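Engineer: Sequences and hints are given; from them, build the entire structure.
One-letter residues, chain by chain:
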Amino acid sequence: MPTVGIKRDLLFKALGRTYTDEEFDELCFEFGLELDEITSEKEIVSREQGDTKASDASDVILYKIDVPANRYDLLCLEGLVRGLQVFKNKLEAPRYRRISPVNGDPQKLIITKETAAVRPFAVAAVLRNITFTQERYDSFIELQEKLHQNICRKRSLVAIGTHDLDTISGPFTYTAKPPGDISFKPLNQTKEYTATELMSLYKTDSHLRHYLHIIEDKPVYPIIYDSNGIVLSMPPIINGDHSKITLQTKNVFIECTATDLTKAKIVLDMMVTMFSEYCSQPFTVEEAEVPLLASHTLSSLFYVESTEKIAQLLTRMCLLSRATGVGDEIEVEIPPTRSDVIHACDIMEDAAIAYGFNNITRTTPRAYTVANQFPLNKLTELLRQDLAAAGFTEALNFALCSEEDIADKLGKKISETRAAHISNPKTAEFQVARTTLLPGLLKTIAANRKMPLPLKLFEVSDVVLKDETKDVGARNSRRFCAVYYNKSPGFEVIHGLLDRTMQLLEVKSARGEGYHIQAADDSTFFPGRCAEIIVRGKTVGRLGVLHPDVINRFELTMPCSAMEIDIEPFL
Amino acid sequence: MADSGVVETLLQRIEKADDGVDSLNVAASLGVDHQVIVGAVKSLQALGDIISADLRSSKHWELTVEGSEIAEQGSHEARVFSSIPLEGLAQSELMKLSFGKIGFSKAMSNKWIRVDKTQEGGPRIFRAVENIEDQVREKLLQVQKGNFSQLDEKEKNELKKRKLLSEVGSWKEKKFKPYNFEAMGVAPDCGHLHPLMKVRTQFRQIFLEMGFTEMPTNNFIESSFWNFDSLFQPQQHPARDQHDTFFLSDPALAHEFPQDYLERVKKVHSEGGFGSQGYKYDWKIEEAQKNILRTHTTAVSARMLYKLAQQKFTPVKYFSIDRVFRNETLDATHLAEFHQIEGVVADYGLTLGDLMGILHQFFTKLGITKLRFKPAYNPYTEPSMEVFSYHEGLKKWVEVGNSGVFRPEMLLPMGLPEDVSVIAWGLSLERPTMIKYGINNIRELVGHKVNLQMVYDGPICRLDS
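Chains as they are written, first to last, in this note's numbering: chain H, 1 to 571; chain F, 572 to 1036.
None of these hints come from the bench; they were simulated from the model. The reader is advised that the hints may include incorrect statements.
What the hints assert, rightly or not - Reference listing, derived: stretches of chain H covered by chain F, where coverage requires no fewer than 3 residues with Cβ under 8 angstroms from a Cβ of chain F:
1. 379-385
2. 446-455
Said to hold, decoys possible - Across the chosen pairs, the derived CB separations fall in these ranges:
3. Asn1012/F x Lys413/H: 30 to 38 angstroms
4. Lys154/H x His962/F: 52 to 60 angstroms
5. Asp386/H x Gly756/F: 21 to 29 angstroms
6. Glu416/H x Glu963/F: 51 to 59 angstroms
7. Tyr137/H x His962/F: 38 to 46 angstroms
8. Tyr137/H x Pro1030/F: 54 to 62 angstroms
9. Gly756/F x Arg449/H: 23 to 31 angstroms
10. Asp902/F x Lys154/H: 17 to 25 angstroms
11. Pro1030/F x Ser306/H: 49 to 57 angstroms
Treat the numbers as computed from the prediction; the structure is a model and nothing was measured. Built from N, CA and C at the ideal position, the CB exists for glycine as well.
Structural biologist: This is the structure in structure tokens:
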């Protein structure tokens, strides 16, 4: 969920009144926002870099507001204020219009086929006769940054470039060239660099280095020129210095280059609709689509007295609506700011928000249903109770662990396990899904060595094994594992727990139809101190005294015996 | 700590004696209470391997009223013998004597007397031997003198059986050191269930009480298709990023999918349909095939709803509580895996009011009655509502769960009837558990760094109190 930092006083000025923090929090809640934090730049700098650095920072109060991830139109002061004002019936929902230039043809951006190899899409628009102030300018830059971080997926899907149109002349060309063939003076630099030089220059730039990988390995880099060969930008990395916008800029040329055309259109719409407010003819850019929606899906979600009422509610959410008079039909205009509206249910949600979720009467689903437990979980629940009654304490360990935990430390090779491997672990703790519960229990003992002996622990939980018969190539296996840690190995204790478990599961001690144990070799256990557990002729697990090397590798010092069985055969 | 003088004396005596000393004797010879010596022994034992002590018990016996009478006058059988003159005695006469009945049968079994039933005037008793030795009386006299050791256990038990002797605890008259009722008792030797699992049991119970059926969530590894695509979560969504989700390298890809359903999912994403404009992007099967560790149990709900759609529709209520995985940055309240609690209801014409109503019932069972709902965004529910409850301790509204109505773009491609809506909600199991048990660091609760003392000490779990 993106967070937007907005100066409180500026916000109140734009809203035309002041609120107490509580009142504003309440307003946010109703509208589906969250006032996350009340702070100041000074406080933020002081928290992150210490008090000394903070002494110069501004102490103007900032509201940090959490905005739903799909509402790109609320990522700046302009959009937020517009939304809230309409919601509070202080402002009519704006109708955005696309206009043609007063004189001459529209600007053109020509896309060449070379871009297909790297970043194939581009869209552009012009905001005419805009008036910037320092605050508006800051907000304009901030919105670009927010869009880049969110919908643009850190510029990988879409990158925005904004330019002072009066410093350049169309038609513009969007093409792609080998990095050595590109040379220009980038934003805020004093000399020209080739694209290759730029990539190494920005390697150390704390901000730009995160975007280099998007084009770094490509044979050609995207580049936009004007008709005189002036570089506007090298998306998605940097703009040219020549066309940079300033407070004096009157006409803004906005281009969005992209790997996803739908997202590029959304981003461009967002930039122009938000800032068209400051044009001499406000809200002039692009005409709205007008889909016609039937209302039967709308009214089914909550009770509203009339179609007209729904239309009023929607209009309060910037969705200009009117009842057509034909049945329950409502005509809704979806402005370009609302790219999140793709289905009638999205419109319905806005009606519900405007109505107030908390004003809807609570009812209860009437269907009669009979509850059933998942048999494996039922068995698990019942077994756990009686294992605790047998004097063992339940542990709860992670399903993910390192390869070492399930292999080397247990005296096994990773290739012998049927482990599922994770491709992108941030640390070794998340390399594989566990194939046995034993390492977790041993780690639990290691972390609790200060506790009085003996330690008797158990866990009934899932491990994951590769299994080609499953659609995803792996399955869970429900295991029961127990360990006994004391001054003496206590094989008889674990053996006794096995006997008790079999008694609970109504399996008699007998070969054939019952259970028995028989000597087995297993590198995890001390030689001659390991047995297989055989139930109705099938091996379900093992028990024994752990090998001293295994104990040492888990940083333990005393003998330990353990058992682990698959409980699914007992269903 | 016991009197150090006594401790020292005791040690000296033990050193001198070859086979140990008797604590009672030591107490008597030092002229101190026996408990003082016991205290000294205990404090020496507490120091480690210094002395060894074993507990000896001594039994005391005394005569019963009947036993005393016998010691004085002889046993019943002896008295029967001596009552019989040489010419014998009529049995009827003998039985008139107070000791006659018992004495007769004992004397008979000792073969001291004989009965002649042929006599005139009824059976007559004669002496069968010339002399007798009244052992019972002699034994009792020994006991009376305090020489218990002269008798072996069997003899004593025999006399006890005849109610002539009784065992006397010498503690009857003894004075004991008073109990310290301020002290704790000895902890019973027992096992314990894990607090998080105790809370899980309660949540299961609540769902079962509300008529919800448990979903089979025992599949940690899921395909991106069921985890994301089937939920109408677009393929470029940040949740599908390497930074948020664990992908698998082996087994890397899922294979079998229901083919017609997959085509419908592809279409609704890339072109729209079912009343939706779709996301208008190039949907790729390769992306859907990627195996991941499921990021929510809703992947299982999707499988269940798809399965439901393949039959004649009947309303259902489903729930699950199981692990989910996020490749996120870890902190004091976030781990890479946690338990998700999820409830799902599918029926004709469910409304937002139904969702809020059922959430109200659910949370009431948790002891939470003050609820309100905030509009929110979720890729696969519309409308989406965050559930807030008023926390009396913190004096503010805190988020307790997330909920919504599944999008038609998710349900209709599955083949569910158009007028069926599905409402759902979810929350984490860890958060309510941490609040319930007052735990601030999640690592003390989940994983191997668990504080076992906390597990040992944990109370039973009643969520509504």
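Engineer: With reference to the structure, classify each hint as holding or not holding.
Structural biologist: Each hint tested on the structure:
1. Under a criterion of three residues with beta carbons nearer than 8 angstroms to beta carbons of chain F, the stated coverage of the stretch 379-385 of chain H is upheld, 3 such residues being counted.
2. Beta-carbon proximity to chain F at under 8 angstroms applies to 5 residues in the stretch 446-455 of chain H; the threshold of 3 is reached and the given coverage holds.
3. At roughly 36 angstroms, the beta-carbon separation of Asn1012/F and Lys413/H lies within the given 30 to 38 angstroms, and the hint holds.
4. Checked against the given bound of 52 to 60 angstroms, the beta carbons of Lys154/H and His962/F, roughly 36 angstroms apart, lie outside it.
5. At about 25 angstroms, the CB distance of Asp386/H to Gly756/F agrees with the hint of 21 to 29 angstroms.
6. Between Glu416/H and Glu963/F the CB atoms are about 55 angstroms apart, so this pair conforms to the stated range of 51 to 59 angstroms.
7. Here the CB-CB span from Tyr137/H to His962/F is close to 42 angstroms, well matched to the stated 38 to 46 angstroms.
8. A beta carbon spacing of about 59 angstroms between Tyr137/H and Pro1030/F agrees with the range 54 to 62 angstroms that was offered as a hint.
9. Take Gly756/F and Arg449/H: their Cβ atoms lie about 27 angstroms apart, and the range 23 to 31 angstroms holds.
10. Taken as a hint, the range 17 to 25 angstroms holds for the pair Asp902/F and Lys154/H, whose Cβ atoms sit roughly 22 angstroms apart.
11. Taking the beta carbon of each, Pro1030/F and Ser306/H are about 54 angstroms apart, inside 49 to 57 angstroms as hinted.
When each numbered hint is compared with the structure, a violation occurs for hint 4 only.
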